[in-house]
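Given next are the chains, with one letter for each unit.
2 protein chains.
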Amino acid sequence: MSAPIAKDRLYLFDTTLRDGQQTQGVQFSTPEKHMIAEALDDLGVDYIEGGWPGANPTDSAFFAEPPQTRATFLAFGMTKRAGRSAENDEVLAGVLNANTKAVCIVGKTHDFHVTTALGISLEENTDNIRASIAHIVAQGREALFDAEHFFDGYKANADYALACLHAAFGAGARWIVLCDTNGGTLPDEVHEITKAVIDSGIPGARLGIHTHDDTGNAVANSLAAVNAGARQIQGTLNGLGERCGNANLITLIPTLKLKEPYASTLETGVSDDALAGLIKVSRMLDDILNRVPTRAAPYVGASAFAHKAGLHASAILKDPTTYEHIDPAQVGNERIVPMSNQAGQSNLRKRLADMGISVDPKDARLGALLERVKERETEGYSYDTAQASFELLARDELGLSPEFFAVDRYRVTVERKRAPSGKMMHLSEAVVVVNIGGERHLSVSESHMPDGSDAGPVNALSKALAKDLGPYQAVIEDMDLVDFKVRITGGGVEAKTRVTIDHEDATGRRWSTVGVSPNIIDASFEALLDAIRWKLVRDGAKALGAE
Amino acid sequence: MSAPIAKDRLYLFDTTLRDGQQTQGVQFSTPEKHMIAEALDDLGVDYIEGGWPGANPTDSAFFAEPPQTRATFLAFGMTKRAGRSAENDEVLAGVLNANTKAVCIVGKTHDFHVTTALGISLEENTDNIRASIAHIVAQGREALFDAEHFFDGYKANADYALACLHAAFGAGARWIVLCDTNGGTLPDEVHEITKAVIDSGIPGARLGIHTHDDTGNAVANSLAAVNAGARQIQGTLNGLGERCGNANLITLIPTLKLKEPYASTLETGVSDDALAGLIKVSRMLDDILNRVPTRAAPYVGASAFAHKAGLHASAILKDPTTYEHIDPAQVGNERIVPMSNQAGQSNLRKRLADMGISVDPKDARLGALLERVKERETEGYSYDTAQASFELLARDELGLSPEFFAVDRYRVTVERKRAPSGKMMHLSEAVVVVNIGGERHLSVSESHMPDGSDAGPVNALSKALAKDLGPYQAVIEDMDLVDFKVRITGGGVEAKTRVTIDHEDATGRRWSTVGVSPNIIDASFEALLDAIRWKLVRDGAKALGAE
Chain A
1 MSAPIAKDRL YLFDTTLRDG QQTQGVQFST PEKHMIAEAL DDLGVDYIEG
51 GWPGANPTDS AFFAEPPQTR ATFLAFGMTK RAGRSAENDE VLAGVLNANT
101 KAVCIVGKTH DFHVTTALGI SLEENTDNIR ASIAHIVAQG REALFDAEHF
151 FDGYKANADY ALACLHAAFG AGARWIVLCD TNGGTLPDEV HEITKAVIDS
201 GIPGARLGIH THDDTGNAVA NSLAAVNAGA RQIQGTLNGL GERCGNANLI
251 TLIPTLKLKE PYASTLETGV SDDALAGLIK VSRMLDDILN RVPTRAAPYV
301 GASAFAHKAG LHASAILKDP TTYEHIDPAQ VGNERIVPMS NQAGQSNLRK
351 RLADMGISVD PKDARLGALL ERVKERETEG YSYDTAQASF ELLARDELGL
401 SPEFFAVDRY RVTVERKRAP SGKMMHLSEA VVVVNIGGER HLSVSESHMP
451 DGSDAGPVNA LSKALAKDLG PYQAVIEDMD LVDFKVRITG GGVEAKTRVT
501 IDHEDATGRR WSTVGVSPNI IDASFEALLD AIRWKLVRDG AKALGAE
Chain B
1 MSAPIAKDRL YLFDTTLRDG QQTQGVQFST PEKHMIAEAL DDLGVDYIEG
51 GWPGANPTDS AFFAEPPQTR ATFLAFGMTK RAGRSAENDE VLAGVLNANT
101 KAVCIVGKTH DFHVTTALGI SLEENTDNIR ASIAHIVAQG REALFDAEHF
151 FDGYKANADY ALACLHAAFG AGARWIVLCD TNGGTLPDEV HEITKAVIDS
201 GIPGARLGIH THDDTGNAVA NSLAAVNAGA RQIQGTLNGL GERCGNANLI
251 TLIPTLKLKE PYASTLETGV SDDALAGLIK VSRMLDDILN RVPTRAAPYV
301 GASAFAHKAG LHASAILKDP TTYEHIDPAQ VGNERIVPMS NQAGQSNLRK
351 RLADMGISVD PKDARLGALL ERVKERETEG YSYDTAQASF ELLARDELGL
401 SPEFFAVDRY RVTVERKRAP SGKMMHLSEA VVVVNIGGER HLSVSESHMP
451 DGSDAGPVNA LSKALAKDLG PYQAVIEDMD LVDFKVRITG GGVEAKTRVT
501 IDHEDATGRR WSTVGVSPNI IDASFEALLD AIRWKLVRDG AKALGAE
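Chains A and B supply the protein sequences, listed in that same order.
Read in order, the letters of the first sequence are residues 1 to 547 in full-length UniProt numbering.
Read in order, the letters of the second sequence are residues 1 to 547 in full-length UniProt numbering.
Hints are computed from structural coordinates only; laboratory data are not their basis.
You may find that some hints are simply not true.
[To be verified] No farther apart than 30 Å at their CA atoms in a straight line, the calculated lysine-lysine pairs in the DSSO-like style are these:
#1 B/Lys417 to A/Lys496
#2 B/Lys423 to A/Lys195
#3 B/Lys362 to A/Lys308
#4 A/Lys318 to A/Lys101
#5 B/Lys362 to A/Lys496
#6 A/Lys350 to A/Lys374
#7 B/Lys542 to A/Lys417
#8 A/Lys423 to B/Lys496
#9 B/Lys417 to A/Lys535
#10 B/Lys350 to B/Lys362
#11 A/Lys417 to B/Lys417
#12 B/Lys318 to A/Lys423
#13 A/Lys374 to A/Lys467
#14 A/Lys259 to B/Lys155
#15 A/Lys374 to A/Lys535
#16 B/Lys374 to A/Lys101
#17 B/Lys155 to A/Lys318
#18 A/Lys195 to B/Lys280
#19 A/Lys496 to B/Lys7
#20 A/Lys374 to A/Lys280
#21 B/Lys101 to B/Lys7
#22 B/Lys155 to A/Lys7
#23 B/Lys259 to A/Lys485
#24 A/Lys485 to B/Lys101
#25 A/Lys362 to A/Lys423
#26 A/Lys155 to B/Lys259
#27 A/Lys195 to B/Lys417
#28 B/Lys423 to A/Lys155
#29 B/Lys417 to A/Lys423
#30 B/Lys417 to B/Lys362
#31 A/Lys308 to A/Lys318
#32 B/Lys101 to B/Lys280
#33 A/Lys417 to B/Lys496
#34 A/Lys496 to A/Lys280
#35 B/Lys155 to A/Lys308
#36 B/Lys7 to A/Lys374
#37 A/Lys467 to B/Lys423
#38 A/Lys485 to B/Lys542
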């Protein structure tokens with residue numbers, strides 16, 4: 001029996017919070033940065049780049065209270081400027097003052113950029129690189145050097161580009177990261193040039209790769225560098241990043257864990273369990289960005305294991321490996337066979353059982369409910385993220401839905417006018433009339449933020465609805481609205497609005513409901529009503545009906 | 001002087017209408033298929049696969065009146081079944097009866113599939129391939145063989161997989177297309193196996209490649225096969241297709257035309273002029289599918305040449321090649337230097353210059369404006385995607401902002417109540433009071449969808465605001481609200497709402513404005529006001545002020 005071959009360690013470096021934030025329209029808040037860092041740490045990446053301390057208020061606030069992660073948390077900055085020492089460069093000092101265990105600095109390696117963008121001599125630039133890395137190392141930090149425009153630089157002046165890398169390497173950088181900054185390099189070039197760097201004397205175990213997707217090859221370029229010997233990959237969640245985005249770690253991680261030659265020769269910090277939660281990490285980021293998840297995304301997309309072609313679907317029923325390159329469960333995903341009503345119904349029964357509703361497989365109402373769900377989804381409803389509304393829909397269809405009350409009418413008013421002080425102020429008010437067991441309950445509420453200012457019509461509506469539900473009041477008293485998401489489906493002001501609302505109660509339960517309407521107020525109202533109905537059902541409230 | 005080196009011809013094969021239609025949720029109508037075929041022909045692809053005649057009514061209708069293209073128009077089908085002759089297979093007959101110049105048939109090459117999915121012997125399968133191709137060739141058609149699961153098949157049983165290819169090749173197939181049907185093969189394997197096929201005696205000039213994006217490598221896999229010698233690429237517009245989609249021709253075409261080693265060694269049917277229209281072809285497909293174009297798409301995405309990082313933006317101003325891998329105009333795209341938290345003063349001056357506002361680099365107001373932008377972005381504003389609001393903010397800060405009017409007050413009401421018919425109905429109404437040159441203009445409007453039903457409070461507000469702006473009315477009359485996006489920043493009902501609104505006018509100009517408030521109505525109102533103010537500024541309306 002031969003000893004198992006030792007696997008090479010491959011390091012994953014996430015830059016969602018730094019390069020990912022270069023995405024047009026993306027600006028994380030400090031709490032969002034904390035949420036993402038925590039998810040990355042749970043996933044098992046090795047490095048988390050938090051941003052550029054001093055570059056903007058959000059990044060500075062984040063580094064003032066850094067996340068506590070197992071992964072190495074880094075600050076990003078740039079090499080010192082010419083004409084001053086590393087010790088006296090206040091931009092570099094701002095980065096070091098964040099006191100992170102590791103620091104990544106970007107520096108030029110393309111001669112044209114040194115002379116055109118920086119306007120300094122080639123020697124001054126290598127000196128800046130050397131002095132900056134040495135300064136970081138002298139402070140006892142782990143130093144990483146991002147070699148900007150390295151591949152273009154190598155093609156223009158290989159000797160100079162390599163000299164820049166060796167300046168950083170010689171000064172003690174733990175990692176030399178080869179950056180395809182403009183994203184125009186193709187996989188074969190990445191492979192060849194990475195090999196040349198290793199041949200020049202920097203071991204692959206000290207080399208990282210940082211790619212962009214400008215030719216649709218960010219993932220392939222990362223793999224090409226690893227094939228050549230590089231042992232760190234930089235990327236982002238969902239491929240966020242400047243222009244077309246960075247290498248997508250959500251795509252790379254399953255390939256590295258599940259596919260050869262990587263699976264049997266390389267080891268990462270991502271466990272099989274963490275891999276099975278990959279889809280959740282991807283969705284969390286979309287949630288924060290209020291983006292519709294990409295259906296066709298490799299591994300984690302809703303369509304990634306959807307078999308539409310008739311030939312494929314029938315073979316899949318015989319053996320899933322006929323048309324699937326991996327088992328979808330390995331990344332937390334699910335197979336979808338739209339052609340097969342069979343698969344749909346067994347799925348549905350599983351969901352109903354999860355809610356404590358048992359239905360016979362032969363029950364004709366299953367087919368009717370499936371049709372109803374499809375119909376509603378065509379109208380814009382999404383039940384994936386609104387289990388409580390799905391449960392109510394199922395109960396309605398199965399005749400298991402008690403009538404607690406009816407809404408006779410509501411009216412919401414939003415006003416902006418000049419206050420007696422002369423300042424403009426706004427005010428939202430909602431009136432709701434509910435019928436419970438034949439008795440009318442009329443409630444009115446203004447909206448307000450914790451500081452007393454106006455919080456808008458949905459807040460007013462939520463408060464009015466929960467103000468007087470008569471005999472049900474005790475049951476709903478501990479409900480707390482904790483999240484509110486809006487998505488416009490289609491374009492123009494006439495588009496439909498989908499509102500998803502999350503509630504929590506004193507038991508710590510959290511549930512989501514959905515409403516759809518061309519009118520955002522009405523969509524919100526529908527979701528609010530569902531939230532109350534679900535709570536009443538779950539807490540076993542006695543239904544009094546309406547007249 | 002040496003003679004120019006003859007370039008190899010590389011053939012582009014589009015399957016948007018066949019494999020692209022396997023995308024979840026995609027079903028082209030017959031007129032849409034005609035539109036797409038025409039656009040593909042204008043683009044300069046060599047083959048257009050129209051669908052599977054006989055498989056469904058739309059495909060049959062399309063083949064009954066096929067498009068008249070310069071490109072070779074093909075029908076797709078499968079090899080004859082076992083136990084009958086090619087002449088007597090009615091499925092194959094249905095495909096041949098479409099009378100296309102070329103026919104592409106798919107057949108198995110992976111032994112496991114032959115025995116598991118088809119349940120026939122390996123010999124029967126090779127016989128079916130041979131007989132089907134021979135039958136097509138005997139009818140004077142160009143025959144293409146799609147070798148299904150070829151890469152997986154080769155890894156499982158190389159001899160058998162190659163025997164299947166040679167059966168088709170020997171029977172006269174013009175093209176043998178190597179298909180990575182399940183999408184799980186990586187670029188190095190594609191390269192190696194394609195080389196092995198060429199070594200087995202099928203020339204690269206007779207080989208095609210058909211890949212899927214299940215590992216995010218569809219583009220790289222196509223290039224890997226071309227690098228090994230294959231001379232036909234199959235793909236789709238925007239990477240449409242089963243599961244994660246096919247190789248994206250919109251991404252591949254610019255790489256093949258503009259990048260080495262392809263640009264100087266290969267020739268395609270796509271002219272430079274057609275390449276400059278690439279973005280229009282991509283958008284046309286999104287239009288047909290009613291999809292929001294992918295901002296981060298390589299080459300054609302709205303963000304593909306957007307430079308958000310401050311360091312990048314300042315270098316771009318000196319020389320665009322510093323951070324661009326190609327000139328965006330080559331694919332019909334444009335450079336964007338958006339305003340954002342990350343951007344520096346040089347970025348700012350460039351934006352101002354684009355608006356026709358020239359500011360001295362030493363002007364202290366630049367710093368003040370930058371601070372103001374950062375402050376607003378901390379509040380939740382995003383100017384990346386709202387250039388018009390940015391312009392107004394800059395004008396305010398620079399004292400270049402005329403006061404056209406003031407809003408004294410507004411009131412928006414949304415009601416749901418029982419209509420006289422007994423049905424629940426909802427209604428939105430807005431009242432706006434505007435002061436123009438001391439004169440009050442009071443307008444009221446209800447919202448309505450094109451069908452007369454309620455469209456919500458923002459629609460009502462937009463209508464009321466644009467109803468009577470007195471002397472400005474003629475200027476704003478051609479404004480059309482074309483998109484409306486909502487994003488909640490932070491969580492809970494007390495979170496802030498960011499509304500981004502797009503308008504167009506009769507000149508075809510499109511501009512975006514943003515509003516932020518805890519109150520969605522107020523955020524929308526702010527964005528609507530900005531839209532009107534921007535239009536008045538740009539059209540040089542004479543400001544009358546307010547009293």
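Structure-based check of each hint:
no.: 1; hint: B/Lys417 to A/Lys496; in the structure: 20 Å, holds
no.: 2; hint: B/Lys423 to A/Lys195; in the structure: 73 Å, violated
no.: 3; hint: B/Lys362 to A/Lys308; in the structure: 61 Å, violated
no.: 4; hint: A/Lys318 to A/Lys101; in the structure: 53 Å, violated
no.: 5; hint: B/Lys362 to A/Lys496; in the structure: 48 Å, violated
no.: 6; hint: A/Lys350 to A/Lys374; in the structure: 17 Å, holds
no.: 7; hint: B/Lys542 to A/Lys417; in the structure: 26 Å, holds
no.: 8; hint: A/Lys423 to B/Lys496; in the structure: 21 Å, holds
no.: 9; hint: B/Lys417 to A/Lys535; in the structure: 25 Å, holds
no.: 10; hint: B/Lys350 to B/Lys362; in the structure: 14 Å, holds
no.: 11; hint: A/Lys417 to B/Lys417; in the structure: 27 Å, holds
no.: 12; hint: B/Lys318 to A/Lys423; in the structure: 46 Å, violated
no.: 13; hint: A/Lys374 to A/Lys467; in the structure: 35 Å, violated
no.: 14; hint: A/Lys259 to B/Lys155; in the structure: 14 Å, holds
no.: 15; hint: A/Lys374 to A/Lys535; in the structure: 25 Å, holds
no.: 16; hint: B/Lys374 to A/Lys101; in the structure: 29 Å, holds
no.: 17; hint: B/Lys155 to A/Lys318; in the structure: 22 Å, holds
no.: 18; hint: A/Lys195 to B/Lys280; in the structure: 40 Å, violated
no.: 19; hint: A/Lys496 to B/Lys7; in the structure: 52 Å, violated
no.: 20; hint: A/Lys374 to A/Lys280; in the structure: 24 Å, holds
no.: 21; hint: B/Lys101 to B/Lys7; in the structure: 26 Å, holds
no.: 22; hint: B/Lys155 to A/Lys7; in the structure: 24 Å, holds
no.: 23; hint: B/Lys259 to A/Lys485; in the structure: 43 Å, violated
no.: 24; hint: A/Lys485 to B/Lys101; in the structure: 53 Å, violated
no.: 25; hint: A/Lys362 to A/Lys423; in the structure: 66 Å, violated
no.: 26; hint: A/Lys155 to B/Lys259; in the structure: 14 Å, holds
no.: 27; hint: A/Lys195 to B/Lys417; in the structure: 72 Å, violated
no.: 28; hint: B/Lys423 to A/Lys155; in the structure: 72 Å, violated
no.: 29; hint: B/Lys417 to A/Lys423; in the structure: 34 Å, violated
no.: 30; hint: B/Lys417 to B/Lys362; in the structure: 61 Å, violated
no.: 31; hint: A/Lys308 to A/Lys318; in the structure: 15 Å, holds
no.: 32; hint: B/Lys101 to B/Lys280; in the structure: 29 Å, holds
no.: 33; hint: A/Lys417 to B/Lys496; in the structure: 20 Å, holds
no.: 34; hint: A/Lys496 to A/Lys280; in the structure: 27 Å, holds
no.: 35; hint: B/Lys155 to A/Lys308; in the structure: 26 Å, holds
no.: 36; hint: B/Lys7 to A/Lys374; in the structure: 52 Å, violated
no.: 37; hint: A/Lys467 to B/Lys423; in the structure: 26 Å, holds
no.: 38; hint: A/Lys485 to B/Lys542; in the structure: 41 Å, violated
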